[in-house]
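Participant: Respectively, the protein sequence lines represent chains X and G.
Heads up, the first sequence is in the working numbering, so the first residue is 3 and it goes up one at a time.
Heads up, the second sequence is in the working numbering, so the first residue is 3 and it goes up one at a time.
Bear in mind the hints are in silico, worked out from the structure with no lab data behind them.
Pairs involving identical chains hold if they fit within one copy or between any two copies, as the list cannot separate such chains.
DSBU-like, lysine-lysine: derived pairs with alpha carbons at most 35 Å apart: (1) Lys-337 / Lys-118; (2) Lys-192 / Lys-439; (3) Lys-337 / Lys-351; (4) Lys-185 / Lys-299; (5) Lys-299 / Lys-118.
Model, not experiment: these values are computed from the prediction.
Number of protein chains: 2
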Amino acid sequence: MADITTRELRQPIDVAEYLFRRLHEVGIRSVHGVPGDYNLSALDYLPKCGLNWVGNCNELNAGYAADGYARVNGIAALITTFGVGELSAINAVAGAYSEFVPIIHIVGQPHTRSQKDGMLLHHTLGNGDYNAFANMSAAISATMARLNETYEIATLIDNAIRECWIRSRPVYIALPTDVITRKIEGERLKTPIDLSLPPNDPEKEDYVVDVVLKYLHAAERPVILVDACAIRHRVLDEVHDLVEASGLPTFVAPMGKGAVNETHKCYGGVYAGTGSNPGVREQVESSDLILSIGAIKSDFNTAGFSYRTGQLNTIDFHSTYVRVRYSEYPDINMKGVLRKVIQKMGALKTNPAPHISNTLPDQEQGSAEQRITHAWLWPTVGQWLQENDIVITETGTANFGIWDTRFPSGVTAISQVLWGSIGYSVGACQGAALAAKEQGNRRTVLWVGDGSLQLTLQEISTMIRNNLNPIMYVCHTL
Amino acid sequence: MADITTRELRQPIDVAEYLFRRLHEVGIRSVHGVPGDYNLSALDYLPKCGLNWVGNCNELNAGYAADGYARVNGIAALITTFGVGELSAINAVAGAYSEFVPIIHIVGQPHTRSQKDGMLLHHTLGNGDYNAFANMSAAISATMARLNETYEIATLIDNAIRECWIRSRPVYIALPTDVITRKIEGERLKTPIDLSLPPNDPEKEDYVVDVVLKYLHAAERPVILVDACAIRHRVLDEVHDLVEASGLPTFVAPMGKGAVNETHKCYGGVYAGTGSNPGVREQVESSDLILSIGAIKSDFNTAGFSYRTGQLNTIDFHSTYVRVRYSEYPDINMKGVLRKVIQKMGALKTNPAPHISNTLPDQEQGSAEQRITHAWLWPTVGQWLQENDIVITETGTANFGIWDTRFPSGVTAISQVLWGSIGYSVGACQGAALAAKEQGNRRTVLWVGDGSLQLTLQEISTMIRNNLNPIMYVCHTL
Chain X
3 MADITTRELR QPIDVAEYLF RRLHEVGIRS VHGVPGDYNL SALDYLPKCG LNWVGNCNEL
63 NAGYAADGYA RVNGIAALIT TFGVGELSAI NAVAGAYSEF VPIIHIVGQP HTRSQKDGML
123 LHHTLGNGDY NAFANMSAAI SATMARLNET YEIATLIDNA IRECWIRSRP VYIALPTDVI
183 TRKIEGERLK TPIDLSLPPN DPEKEDYVVD VVLKYLHAAE RPVILVDACA IRHRVLDEVH
243 DLVEASGLPT FVAPMGKGAV NETHKCYGGV YAGTGSNPGV REQVESSDLI LSIGAIKSDF
303 NTAGFSYRTG QLNTIDFHST YVRVRYSEYP DINMKGVLRK VIQKMGALKT NPAPHISNTL
363 PDQEQGSAEQ RITHAWLWPT VGQWLQENDI VITETGTANF GIWDTRFPSG VTAISQVLWG
423 SIGYSVGACQ GAALAAKEQG NRRTVLWVGD GSLQLTLQEI STMIRNNLNP IMYVCHTL
Chain G
3 MADITTRELR QPIDVAEYLF RRLHEVGIRS VHGVPGDYNL SALDYLPKCG LNWVGNCNEL
63 NAGYAADGYA RVNGIAALIT TFGVGELSAI NAVAGAYSEF VPIIHIVGQP HTRSQKDGML
123 LHHTLGNGDY NAFANMSAAI SATMARLNET YEIATLIDNA IRECWIRSRP VYIALPTDVI
183 TRKIEGERLK TPIDLSLPPN DPEKEDYVVD VVLKYLHAAE RPVILVDACA IRHRVLDEVH
243 DLVEASGLPT FVAPMGKGAV NETHKCYGGV YAGTGSNPGV REQVESSDLI LSIGAIKSDF
303 NTAGFSYRTG QLNTIDFHST YVRVRYSEYP DINMKGVLRK VIQKMGALKT NPAPHISNTL
363 PDQEQGSAEQ RITHAWLWPT VGQWLQENDI VITETGTANF GIWDTRFPSG VTAISQVLWG
423 SIGYSVGACQ GAALAAKEQG NRRTVLWVGD GSLQLTLQEI STMIRNNLNP IMYVCHTL
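Take these sequences, add in the hints, and give me the full structure.
Facilitator: Next comes the structure, spelled out in structure tokens:
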């Protein structure tokens with residue numbers, strides 16, 4: 003082991019302070035989690051690094067909250083303790099992995115010596131296996147940073163934060179109690195972590211752009227279809243410019259709600275196969291070229307795999323590849339490709355998008371029905387929402403209902419359409435509302451059923467304690 | 003694949019019914035868990051199999067409740083759904099693994115065809131990996147039963163239930179939606195699952211018994227020290243008979259509380275190194291032979307590894323081996339050994355145990371202090387408890403405090419001294435109270451702090467809905 007002694011360090015800094023200053027650098031201001039024996043002394047470093055400790059009611063809720071915080075703030079951090087804490091949060095972290103949400107999960111571990119000796123400590127399986135829990139997290143982490151050897155700690159931290167951001171997925175950082183106070187080189191902090199995407203090979207990128215443009219110019223009825231990964235992999239500026247430059251009818255998949263300005267004249271509504279907004283299905287399924295950006299074609303996102311679109315009419319843009327009809331171009335990020343397509347596009351044939359509004363359907367106009375119906379509710383919600391609201395819908399009734407709500411501009415929609423863990427929305431609401439408060443004055447609005455609420459309801463106390471004021475609609479379906 | 007067609011079955015029975023009839027056979031009457039898409043149709047089979055569905059507020063609580071139920075009832079079952087459900091419960095199941103509590107964890111999975119095709123279903127990681135979650139559970143399960151191939155389903159179910167019982171640890175049963183209704187041979191149910199321990203090799207057992215007796219007869223000041231695994235591996239009858247037959251001073255480790263009749267003249271109190279009851283430490287640490295039964299020498303169970311006992315003065319009895327001084331005898335179960343030691347023991351040299359009572363310590367007698375002190379509280383609790391009460395103490399203040407409470411006879415103590423997951427006791431209270439109700443008229447008493455309560459408090463609603471009436475002391479420490 004080639005450890006550097008403290009004497010050789012120009013600006014010695016404790017590991018915990020280094021880690022937390024890096025969190026602050028990438029934009030994190032509040033850290034979610036639950037205290038525990040093996041993370042307590044790390045928590046003491048948070049205030050001096052400009053970080054607010056939320057202190058959640060339990061780890062699952064903390065994980066959901068970190069997820070909601072990341073979806074508004076861009077990235078989040080979660081601190082739990084060994085075994086009992088990290089395992090309580092693992093469902094929330096798995097959800098973030100599934101849905102491409104960047105959470106830096108920091109797990110306080112026992113002293114490295116205790117681990118080496120296999121001591122019979124509390125929060126262990128009693129069998130001396132100190133790797134069991136980290137191994138469980140490996141399948142739901144973009145990378146694992148086990149901070150043991152001093153010489154590599156800063157590299158592992160920086161790499162984990164970068165991977166979290168670039169791949170937009172959770173990473174796992176194991177922080178043993180004795181590592182918290184170890185000294186490492188603080189001068190390194192003067193160089194910010196490089197969060198930029200690796201650039202595409204220019205020749206390859208040009209080639210793909212030419213192929214895309216060839217099909218785009220030949221198309222008679224092209225449309226744009228935007229989905230979750232456009233949000234999660236941060237190409238919303240490119241999507242916006244593409245819509246403006248092309249004037250093409252633009253639709254979103256359910257998981258893509260909020261990716262597009264829904265008051266724009268090109269916006270045509272939600273496409274979800276047989277679950278589409280009125281008029282949408284016809285236009286998308288008769289299109290001869292779908293520019294599909296960041297698709298996740300899961301069951302709930304496609305109304306039970308009811309897409310009737312052909313791969314021969316589709317160009318798929320993804321964070322790691324582009325596929326034109328059946329030709330796949332691996333190792334290329336859609337961001338650069340979209341940017342160049344916009345620059346080189348020129349004039350296209352366009353058709354108007356279906357008109358989308360929040361007016362009530364005919365049968366609800368002047369209806370004498372006293373009960374609140376879904377047909378009445380969701381368009382009405384769209385009339386009531388304000389610009390830049392954050393709208394959180396629980397899995398089930400609410401996240402299906404919101405398809406029929408046209409958003410004002412700037413709305414962020416949060417839902418777990420793929421992972422679908424009930425109770426998620428309440429924790430996520432806490433995290434989202436906190437990020438919204440840090441950003442200024444955005445409203446956070448939650449739609450949740452009484453059944454889902456019971457899984458995670460204690461997190462309302464965290465909202466109160468942190469002076470958050472989300473609007474919560476708790477619904478009981480008759 | 004050598005599947006048997008339904009036509010060849012003498013008593014065709016659906017897989018779910020077979021499984022649930024087996025649960026009933028081994029003594030389970032209530033099943034804990036949370037409904038989900040992939041287990042819903044299985045739940046419909048519960049009533050006709052004589053099983054009550056509890057329906058918990060969330061899966062972590064359900065897991066804790068199953069743990070508490072198992073500690074009173076002997077074994078428990080837990081049903082969750084794929085991904086979101088099983089991962090929410092995984093911390094509770096890990097705790098049961100750590101503390102040797104038998105829980106049959108049944109996980110509803112997607113259709114086997116969807117799994118083979120790697121379909122992009124909700125509750126998946128979106129990467130087609132249908133093994134990720136089961137793999138996480140493998141490290142905390144005595145065995146994994148993946149019910150896929152019809153011909154082996156009954157064998158896998160029977161084996162999993164047997165392993166759960168014999169090894170007193172959780173097992174994992176994966177039940178895909180299409181397997182629920184598959185037909186298997188029902189005649190097999192006429193033969194109960196063999197839950198008996200594999201017998202020890204008689205020659206080896208006799209040898210070990212002779213060695214034990216040699217040291218026991220030579221000892222001047224032998225004592226008995228009983229710990230958790232005596233409870234979990236079901237040798238309490240043997241412990242009781244050993245105490246009666248030998249008349250030796252008998253102590254318990256904290257995790258062994260409730261294993262011994264604490265009103266018995268031989269009972270001397272809790273031994274936990276420097277955290278021992280008064281007078282206990284001297285007698286245990288000066289003993290020249292400790293019969294240590296089912297020890298788990300974890301940090302919290304030994305007051306920070308503060309045992310001052312020597313291996314030269316110790317005989318360790320375990321479920322899979324016996325160790326006499328430094329000689330280890332593997333592959334032998336303590337149950338048979340203890341039974342024979344009792345039979346062959348004859349007269350021993352004995353010394354009286356320290357007198358143990360629930361009288362208040364001197365400084366509390368006539369104290370003018372108005373606040374409730376620990377020194378006053380825990381002996382007073384002992385005066386108030388009744389025979390056969392179930393006493394649950396949360397990790398922290400309560401499960402350390404209870405060391406100073408002398409129990410009436412028949413008390414079952416429940417605590418998570420090794421795993422130590424806060425919030426556990428509230429879920430465990432629901433499960434224990436339900437098992438107590440099924441057994442007749444035992445009281446269930448919970449001691450929990452307000453901080454721990456907030457992790458799992460919604461489970462109080464499950465207690466109310468199931469007409470359970472535990473006594474809950476929610477404490478706030480000043």
